[in-house]
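There are 2 protein chains.
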Amino acid sequence: MYRPRQLVINSTRLMDTLHKTCVWGAAHRYGPGPTQTGMARLTLSDDDKKARDWFGDEMSSLGCDIKVDTMGNMFAVRPGEKTGAPTAIGSHLDTQPTGGRYDGILGVHAAVEAMRTIHESGYKTQYPIAAVNWTNEEGARFPKSLHGSSVWSGDFTVENAHALTDVADSSITAGAELERIGYKGTLECSAKANPLAAHFELHIEQGPILENNKQTIGIVNGGQAYKWFNVRVHGRDSHAGTTPMNLRADPLLLSARLMVAANAVAIKHGGCATTGIMSLKPGSINTIPNLIDYTLDIRHPDDAALAAMEADIRAAAAALVAEESRYKCTIELDKIFDYAATKFHPDCIGAVRTAAEATVGADMAREIVSGAGHDSCATSKHCPTSMVFIPCEEGLSHNPREYATPEDCALGAQVVMDAALLFDSRRQK
Amino acid sequence: MYRPRQLVINSTRLMDTLHKTCVWGAAHRYGPGPTQTGMARLTLSDDDKKARDWFGDEMSSLGCDIKVDTMGNMFAVRPGEKTGAPTAIGSHLDTQPTGGRYDGILGVHAAVEAMRTIHESGYKTQYPIAAVNWTNEEGARFPKSLHGSSVWSGDFTVENAHALTDVADSSITAGAELERIGYKGTLECSAKANPLAAHFELHIEQGPILENNKQTIGIVNGGQAYKWFNVRVHGRDSHAGTTPMNLRADPLLLSARLMVAANAVAIKHGGCATTGIMSLKPGSINTIPNLIDYTLDIRHPDDAALAAMEADIRAAAAALVAEESRYKCTIELDKIFDYAATKFHPDCIGAVRTAAEATVGADMAREIVSGAGHDSCATSKHCPTSMVFIPCEEGLSHNPREYATPEDCALGAQVVMDAALLFDSRRQK
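Residue numbers (our numbering), protein chains in the order written: chain A, 982 to 1410; chain B, 982 to 1410.
Isolated chain A (complex conformation) (with noise of 0.2 angstroms):
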């Protein structure tokens, strides 16, 4: 049965590892420091292959079979004494337009450290082990947030998955992109297909609890329900000096109003509603626009408390539209993404705090629901899943200025490691 620090991560490799491969996707520079950049690692970008390219030579010269299914997720299988499906450390490569070093680049990380340090230490797992490179987590070029692992989990077809267009050139298509930088494997995307025993993940906690009580690792036992919405809101466009208040079709002013409304229906309910981009036509600065699209984001760690405050925005959608019903402007919700609230499990949650109390002590961690989505929450689907957080300054993320101190880094790659150790030599089959 394997010990919690029988084996010891080498932590000045693992942030030299990380902060030599952010070279790739580096920008938005805000101090004079060699790693005082952001991020804008867009997934199937140039520098996205350069950082996957990189991930499987690694994996590979570490006696790991290199697989890639059809949506890219890269999957780094290192032989254990029995076979089967193997344990998994993963997270993802890909980062935000302005995101930073830390936010899934951390867990790929760990996981990369982690195998270094079982194949310098000759230790034998008893089954597989893997390190997992999910492909874009974050939904941000192509609009679909755990693009990879969510066909992998069987929430999305992959024909649907390839199909997503750039958001920024409708032309571009996730599938032709995934061709492109030669990374649409054919290894079929799905749990049945190529099953995980298990699935750890390390990651910023992206929220300000953990820093707030001065601990330093979170055991995650589930993660936020939330919905993502286009809304579009129709008007009509006309001049913007001769058309009295009165007598206007303005969806901006709608859009406006249901925003306010929205951020209300947040608060009341102790969930959080966000909107992050936004398109107006016709566009021009002396004319009422007649239409606006806009996403609309929201959070809740409970189901039915997520489903009141949809319930609440429909409601105060309507009423806008029948106070405003001269004007003929219409509003549609139209719901894209909806993921329910998440139940990690116990075994793997078990493991977490046994790798936690050994390294910082259970008075330095605590359980915790994760505000975001990850990639951990489409796995746990299928296999027993847990995560570990770290503090990150100031709770910040999807932001050039993420941090996370190396100490914090390396404590939870020594845990999550621990972590897969722990549940693999526990297995039973």
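Keep in mind that the hints were calculated from the coordinates and are not lab data. You may find that some hints are simply not true.
Since the list gives no way to pick one copy over another, a pair counts as held whenever it fits inside one copy or between any two copies.
With a cut-off of at most 25 angstroms between alpha-carbon atoms, the simulated PhoX-like pairs for lysine-lysine come out as follows [as the list claims (entries may be wrong)]:
| id | residue 1 | residue 2 |
| --- | --- | --- |
| 1 | 1309 | 1195 |
| 2 | 1309 | 1249 |
| 3 | 1173 | 1063 |
| 4 | 1316 | 1249 |
| 5 | 1105 | 1316 |
| 6 | 1262 | 1316 |
Just so it is clear, the structure is predicted and the values come from calculations on it, not from any experiment.
Keeping the supplied structure of chain A fixed, place chain B upon it in accordance with the hints.
Just chain B now, kept in the frame of chain A:
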């Protein structure tokens, strides 16, 4: 003294001529009928030259002297019993790239029809009377609206006006195009060198007020004051799922609140407030934006009321920033354009009122403030001016489907001719 309706225009000839000459620049067909197209008669194009040639030939045949100034503005002057500056009826023959058959074109055709009616009746005006075609009112090809009339009024130098380049090809200047089509005249373009005694203009309303009130003639008493702003709102981009509502600096929420506030300010003061262009950065569905840029167009018939609107909006912005101070958002309002209100001349307004009441009755006419800019706003700085508005369907303009009924066009042409002849007959010098 001229009596309204002493002369009566030929409404069939008016519309036949208008549609016949719209062959030059017809575009954007929207129905099977011979006149069911819009127009793309960009200023100083070959089509504009054909329309200009026709206008000059037609006016010459009616005994007019054709004068062309250095901006290509065309003045067709018919002698009166006495010499002096002419009383003018004018508008413009150029259109938007996706324009219609009425904006500007109708006004010049009303002047042509008035001249034909006067000519065939043998009526003798007291002073000269002129039909005027102003160059590039639209500012669509060369980006300066009221291009010709604002040089005439002294608001823009002829050198700057000639140097303006085509928005589609910066190698082409307005001056070169005036020469190419043979319309760079030798007459100095100024109100001093080429004065007018008065300026009358028939135009479609481009708004819904007449249609909404089931009235047919607008007696235009001036033009609105307006100001344009670039509004910039800074916040902090962070993750939509993990950043609690009370720890956000969301510039889009602040922008939405300020738009709602600006709308309330416009309604309170009886003015208009419009946002037509908006952009968000970085633009990701699950990232709170960090930067919003949007335009704000505010208008009011009264300069002091518009200044009060600006002050109220600035105060609302300051209050919103203060209220949300813990979020560290900022709002900047950069004023990029400031145009004072235009007051038309009581003698001209009175002439239009007398003419309108004679043709449609007092109940079918109303005083109205122009929401849009017109060549008459430039002429009013140097000579008594007023305009005649007729309804256009659904207030639509700058659109191929722009439409006014033949009946309303004829009423408007009668009123603008009667107003000009009344003004002429009342002149003391």
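Which holds for residue 1316 with residue 1249 at a C-alpha limit of 25 angstroms: within a copy, between copies, both or neither? Result: close within a single copy only, 21 angstroms intra versus 37 angstroms inter.
At most 25 angstroms between alpha carbons: which applies to residue 1262 and residue 1316, within, between, both or neither? both (22 angstroms within a copy, 23 angstroms between copies)
Given identical chains, is residue 1309 near residue 1249, meaning Cα to Cα at most 25 angstroms, within a copy, between copies, both, or neither? Result: close only across copies, 22 angstroms inter versus 29 angstroms intra.
Is it within, between, both or neither when you check residue 1105 against residue 1316 at 25 angstroms Cα-Cα? neither (47 angstroms within a copy, 70 angstroms between copies)
At most 25 angstroms between alpha carbons: which applies to residue 1173 and residue 1063, within, between, both or neither? within (20 angstroms within a copy, 99 angstroms between copies)
Is the C-alpha distance from residue 1309 to residue 1195 at most 25 angstroms within one copy, between copies, in both cases, or in neither? Between. Shortest inter-copy distance 20 angstroms satisfies the 25 angstroms Cα cut-off; intra-copy 51 angstroms does not.
Violated hints amount to a single one, hint 5; each of the other numbered hints is respected by the structure.
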